[in-house]
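K.L.:
For reference, the chains in residue letters:
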Amino acid sequence: MTITRSAEWKPLSRTLMKMRFTEIAVVGVVAAATAGPAAWSAGDPGAAVAAVAAVVVCCGAAWWFVHNRFRAWGYLERDEDLEVRRGVMVQRLSVVPYGRMQFVEITAGPVERLFGLATVRLHTAAAASDARIPGLDPQEASRLRDRLAALGEAKAAGL
Amino acid sequence: MIAGGSPAVGWKRLHPLSPVVRLGRGLLPVLVLVGLSSVQGHHSPSSQYVIWIALVVFGVVFGVVHWLVTRWAFDGTTLRIETGLLRRDSQQLPVARIQAVDLVQPFAARVLGLAELRIRVAGAKAAHHLSYLSEPEASDLRARLLAVHHGLDQSVPEPDERPVAVIPTGRLLGSVLLSASTLGALVFVALLAVLSSVSTAAAAAVAGSLLVYLIGIGQGIWRRFNEQYQFTVALAPDGIRVRRGLLSTVSETIPIRRVQAVRQIEPLLWRLFGWCRLEVDLAGMPGHGRSGGGGRVTKALLPVGPHQSAAVLRQVVIGSIEPPLSEPPRQARLKAPLSYHFLAAGHDGVMAVAVTGRVQRVTCWVPLEKAQSVRRVQGPVQRALHLATVHVDVAGRRVGAKFRDRAVDEADRLVQELALLSRGARRRVSVEDTLAGVRSASGSPDGLTPVAGPPVTAPGWFADPAGHHQARYFDGRDWTEHVADDGVTSVDRR
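So the protein lines, in turn, are chains A and B.
Numbering follows this note's numbering, in which position 28 of the first sequence is assigned residue number 28; successive positions increment by one, without gaps.
Numbers given in this note's numbering equal positions in the second sequence, counted from 1, plus 1000.
If we strip away everything but chain B, and leave its shape as in the complex, we get (with noise of 0.2 Å):
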């Protein structure tokens, strides 16, 4: 143990169960490899039990040394975790650099009431693990991560939340099994069919392959499933609580100021149903290394649902501005016959937004604020056609919205308009960011008070002040009519 900290901290430990678990998931792909070669029986049975027995020998020594070495302390401004036997690995986060603290839950972990904590520090380039603690054990420690984070005595419970949608198990499966990887197989089965009844032969050489196709199909619905099973969105003031999952469970908060762009989905077949799926990107790490661009962390806000409740998810994370949507000229259908039907873009003052897309509509909204750059771009046949491509690119790897062949003077005034107003936006926004930032020094409440005079706060929804509902929309100079309750909006004139 290393000497010299300090006498206060009190460490402890994970949970005695953890090696089992890390082990049950390792073990899993061994036994299946057993069962198999087993049931194939090539090899001479009792050499190969030696090396099996070797291995879950070597895994639990492993598993119980890493137990034995691993501790953790949190002194309500620091966790530290320690590890290594050989090679000493002291971490320590300090919790005002914490981006976000995820509950993970393996099915073994979650049926010996385990769970993982996972918590992500910003310029770290991989998550942090506490795996395992007891469930109550890593709710609490994440709670007085959270508390201290936003400067509260850790003793603070954490801030409840306003459960804003559930997503039905019958949609889900109704979605997953709509998607296009489905329809290809049906279209397979139904060539199968006409094949067979042309040559059996041919059609038995075919459906060996179709199987492997199948199954690697069925794995993917049954990932998604898994992964989305019983998804709940609930609304914090520290940002969006998403929790998921059928065998595995994943909690996590999405923060709200880290929100990049926010896409919507809709393909082909849920357009039937009138369903779309949101999408966040979030900025990751700051850009490392010569490639340049930080990563980016795409995250569903909601994976199926209605129009509407993608509305008011929208309308939480990037306020509810809509700007006016232009489509481009007639010329356009001949550079992109197949996604004319979809193209329009707009903007305003905060906000731009893009819709493009083939078969599936994709509809991309970016705060102007967000924007890294503005580009313009032009191949030979929009030249030729007179259009040109405006990009709004926000961090990470080719996101952001695209102003797909407009006309080039539209194009032209777009790219110093767009630039112009992004300042505009970044501005307004670091203004209120020192506000804020003065205002919490002081040690007002929370919830921001506008301030009379130039337009200097961005707009959004804040707490009323007049406290007659839960939000109501400020924008930008003055408090308006629209107030929300619950994730519904209405209009109260006071």
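Next up, chain A with everything else stripped away, as it sits in the complex (with noise of 0.2 Å):
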């Protein structure tokens, strides 16, 4: 069976690694700073080392995490439907009809609008349709809104 394809696997915007990676400087910058001067307050100067050494240690992690997170997040717009791919331990794939869409909606919290970030959600009559893509150009995420809509008007299909 072939399929179409009508464009490659799109990633996300590599703001959104910033963003990743600002939240993450952040907060290991408040963790250090409290468990440091704590552990140095308690008179062991050798604590305080290990207390932020153990901190950096934490914020290597989670940004590995989140890079490889980054990495697999993709998706295919395809002539008839919406693939979206995810996941590092738990991989998924989730395609989605334009005809079975019923709404789009697009959200940008504050941390993500600092950033110029959207975030696009699909949802569909089924609760388990899975189709999220964050980290989206403000441009992009309007295009995809309107092609998305536009497409499932065209194609809509009833229960």
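Just so you know, the hints here were simulated from the structure itself, not pulled from any lab data.
Among the hints, erroneous ones may be present.
Pairs of lysine to any residue residues, derived as SDA-like cross-links and limited to a Cα-Cα distance of at most 20 Å, are as follows [unchecked claim]:
#1 LYS1299(B) / ASP1412(B)
#2 LYS1299(B) / GLY1424(B)
#3 LYS1335(B) / VAL88(A)
#4 LYS155(A) / GLN91(A)
#5 LYS1299(B) / ILE1098(B)
#6 LYS155(A) / ILE1254(B)
#7 LYS1299(B) / ILE1254(B)
#8 LYS10(A) / LYS155(A)
#9 LYS1335(B) / ARG1358(B)
#10 LYS10(A) / ASP79(A)
#11 LYS10(A) / ILE106(A)
#12 LYS155(A) / GLY1424(B)
#13 LYS155(A) / SER1430(B)
#14 LYS18(A) / GLN139(A)
#15 LYS155(A) / LEU76(A)
#16 LYS155(A) / LYS1299(B)
#17 LYS155(A) / ARG1358(B)
#18 LYS18(A) / GLY36(A)
#19 LYS155(A) / GLU1432(B)
#20 LYS10(A) / ARG69(A)
#21 LYS155(A) / THR119(A)
#22 LYS1012(B) / VAL1069(B)
#23 LYS1335(B) / GLN91(A)
#24 LYS18(A) / VAL66(A)
#25 LYS1299(B) / ALA1234(B)
#26 LYS155(A) / VAL1431(B)
#27 LYS18(A) / THR107(A)
Reconstruct the complex from the two isolated chains, following the hints.
P.N.:
And the structure:
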């Protein structure tokens, strides 16, 4: 069975990496700034060094995790359906036909807005359909939303 | 009253006895409470009775006022219900958007010959009630609503139905008693017996909690028995009619077109008798809110019965297509040691079937045109074993066919194939809908006439064009030799 591929897998915006890096860095600095002096005031310089080192290691692990997660995430717009893949440990691939879309949602939290990013989420009547694309440039998000909405209308099917 | 309504509308009131039934239902727990507290006798009785009497008087007044301000009218296209004293609530239910009309009779209403009409409208969050009407009036209104809904004159009587199955009381009782909770109770009692032979004090301590547990189980058994007593399934042109209930009776119609998936469940002990339960998932209202996913209604088509009855009913709902099943590869035994013996799945052009379960076997049929999305999920253990699970999701929460633990290359192929097939199935059905719309608009009688040429009509059971049998199977292109009469299939080569 041949599938016509109208496009290639698209990655998420690299700005999302910057955002995640900033988030980890801020949390790490705050954690180090509290744990270090606390251990120091307990009177043990060795413990302070160990605490800061632990924070650094945790941040490194988080960065590695986020980085892999970012690389695993992608979406593919095909003629009839949208494919979204994600996940490192548990890998998921969702195929959502445009005709089954009930609505498309764009959300942008405060941090996302700061970095000029948005999340597009596709809703079908099934709660399990899991098509979420985070970290899109606003232009790309609007383009995707308009395209999905237009295709959804053209190919809509009843329940 | 609101002015400006058309003068032709004949407003009617609910039955004068409806406050009595409403009050009776509300009063029962109050009476139980009164009885309990007077037995305990902690408080001074006089002040308490004043409170209770005040509550009852309030209830009576409220009920009578509610009855006085509620009225309904049906003008042939719209059912109107007006209620509310302070905040007037006027509901207009266009018949075209009605999804289901259920007749419900709580015990008190049944004694007085009353019935409640429950009307579900597309897009509404809750059902609308007309409680209570006299029994003949309720069934008459229901027949009129359904007739108009199907585009007929409201004087056309309700179409005849064909009874398919009645659950014998003995079998229902047996099935309810053979549940896991009863087994648990037996184990508990046995443990208690052993314990009491060792130490009486310890047994006495455990007996208290056992009593509570047993009461809970008894309630559950009673509820299921009460709800499913005299469960009767009948086929009618507008859907599957179900009547059930011991103290309060329910009569409902399940619209076949809204069925999203069919599930057959076989608990461990039932398998000894070859029994199973058949459930259908109906699409609720389309998804509202951010959580997404429409509401889901699960209804039993057959609370307990032999496989043949289940197969007949399944055939009516989704056709008799049986895609060939295949088992997952052997290494899946490591991933799912407890359920490997059940795991199987398969699909063809119109249907996906998956068998799962550990102790009870659950078989799920999903018509591909109902598929909302297809997913492939692979966890770390599955990756190590080169396995993956493919889900076919249908409307609702976590429902659908699960192709568990298939080989990776098969799963990859399945995802694309199922997506493609469900697209084809969807298209076929929408073409069929259009044709049906054209046909009904041009006023031709019901019963689908197949279109020659390409397979544009979905396979299924339709009225036999030859007229020898009640139904004949149409395979999407041609009429087949498979026919059905009163739910029994046979072969007739024309």
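K.L.:
Run every hint past the structure and note whether it holds.
P.N.:
Quick rundown of the hints versus the structure:
Annotation: proposed proximity of LYS1299(B) to ASP1412(B) is violated, straight-line Cα distance about 33 Å (limit 20 Å). Taken as a hint, the LYS1299(B) and GLY1424(B) pair is broken in the structure, with Cα atoms around 28 Å apart against an allowance of 20 Å. Distance restraint check for LYS1335(B) and VAL88(A): the Cα-Cα separation of roughly 19 Å lies within the 20 Å cut-off, and the hinted pair is therefore satisfied. Note on LYS155(A) and GLN91(A): the hinted pairing is violated, with a Cα-Cα distance of about 29 Å set against a maximum of 20 Å.
About 18 Å separates the Cα atoms of LYS1299(B) and ILE1098(B), which keeps this hinted pair within 20 Å; it holds. Annotation: proposed proximity of LYS155(A) to ILE1254(B) is violated, straight-line Cα distance about 28 Å (limit 20 Å). Pair hint LYS1299(B) plus ILE1254(B) holds up; C-alpha atoms about 8 Å apart against a cutoff of 20 Å. As the CA atoms of LYS10(A) and LYS155(A) are separated by approximately 23 Å, the hinted pair breaks the 20 Å bound.
Proposed proximity of LYS1335(B) and ARG1358(B) is supported: the alpha carbons are some 13 Å apart, at most 20 Å. For the suggested pair LYS10(A) and ASP79(A), the alpha carbons sit about 15 Å apart, so the restraint of at most 20 Å is met. The straight-line distance between the Cα atoms of LYS10(A) and ILE106(A) is roughly 18 Å, inside the 20 Å bound, and the hint therefore holds. Proximity of LYS155(A) to GLY1424(B) is assessed by CA-CA distance (about 12 Å); at most 20 Å being required, the pair is judged to hold.
Proposed proximity of LYS155(A) and SER1430(B) is supported: the alpha carbons are some 10 Å apart, at most 20 Å. The hinted pair formed by LYS18(A) and GLN139(A) meets the criterion: a straight-line CA distance of about 18 Å does not exceed 20 Å. Distance hint between LYS155(A) and LEU76(A) is fulfilled; the C-alpha atoms sit about 18 Å from each other, no more than 20 Å. Using a Cα cut-off of 20 Å, the hinted pair LYS155(A) and LYS1299(B) is violated, with the two alpha carbons roughly 30 Å apart.
A distance of roughly 39 Å separates the Cα atoms of LYS155(A) and ARG1358(B); the hinted pair therefore is violated under the 20 Å criterion. At most 20 Å may separate the alpha-carbon atoms for a hinted pair to count; LYS18(A) and GLY36(A) exceed this at roughly 26 Å. Using a Cα cut-off of 20 Å, the hinted pair LYS155(A) and GLU1432(B) holds, with the two alpha carbons roughly 15 Å apart. About 14 Å separates the Cα atoms of LYS10(A) and ARG69(A), which keeps this hinted pair within 20 Å; it holds.
Under the criterion of a C-alpha separation no larger than 20 Å, the hint pairing LYS155(A) with THR119(A) is inconsistent with the structure, at around 23 Å. A C-alpha spacing of about 11 Å is found between LYS1012(B) and VAL1069(B), which places the hinted pair at or below 20 Å, so the restraint holds. Of the supplied pair hints, the one linking LYS1335(B) and GLN91(A) holds, its CA atoms being roughly 16 Å apart against a limit of 20 Å. Taken as a hint, the LYS18(A) and VAL66(A) pair is honoured in the structure, with Cα atoms around 11 Å apart against an allowance of 20 Å.
At most 20 Å may separate the alpha-carbon atoms for a hinted pair to count; LYS1299(B) and ALA1234(B) meet this at roughly 15 Å. Using a Cα cut-off of 20 Å, the hinted pair LYS155(A) and VAL1431(B) holds, with the two alpha carbons roughly 12 Å apart. At most 20 Å may separate the alpha-carbon atoms for a hinted pair to count; LYS18(A) and THR107(A) meet this at roughly 19 Å.
Checked against the numbered hints above, the structure breaks hints 1, 2, 4, 6, 8, 16, 17, 18, 21 and satisfies the rest.
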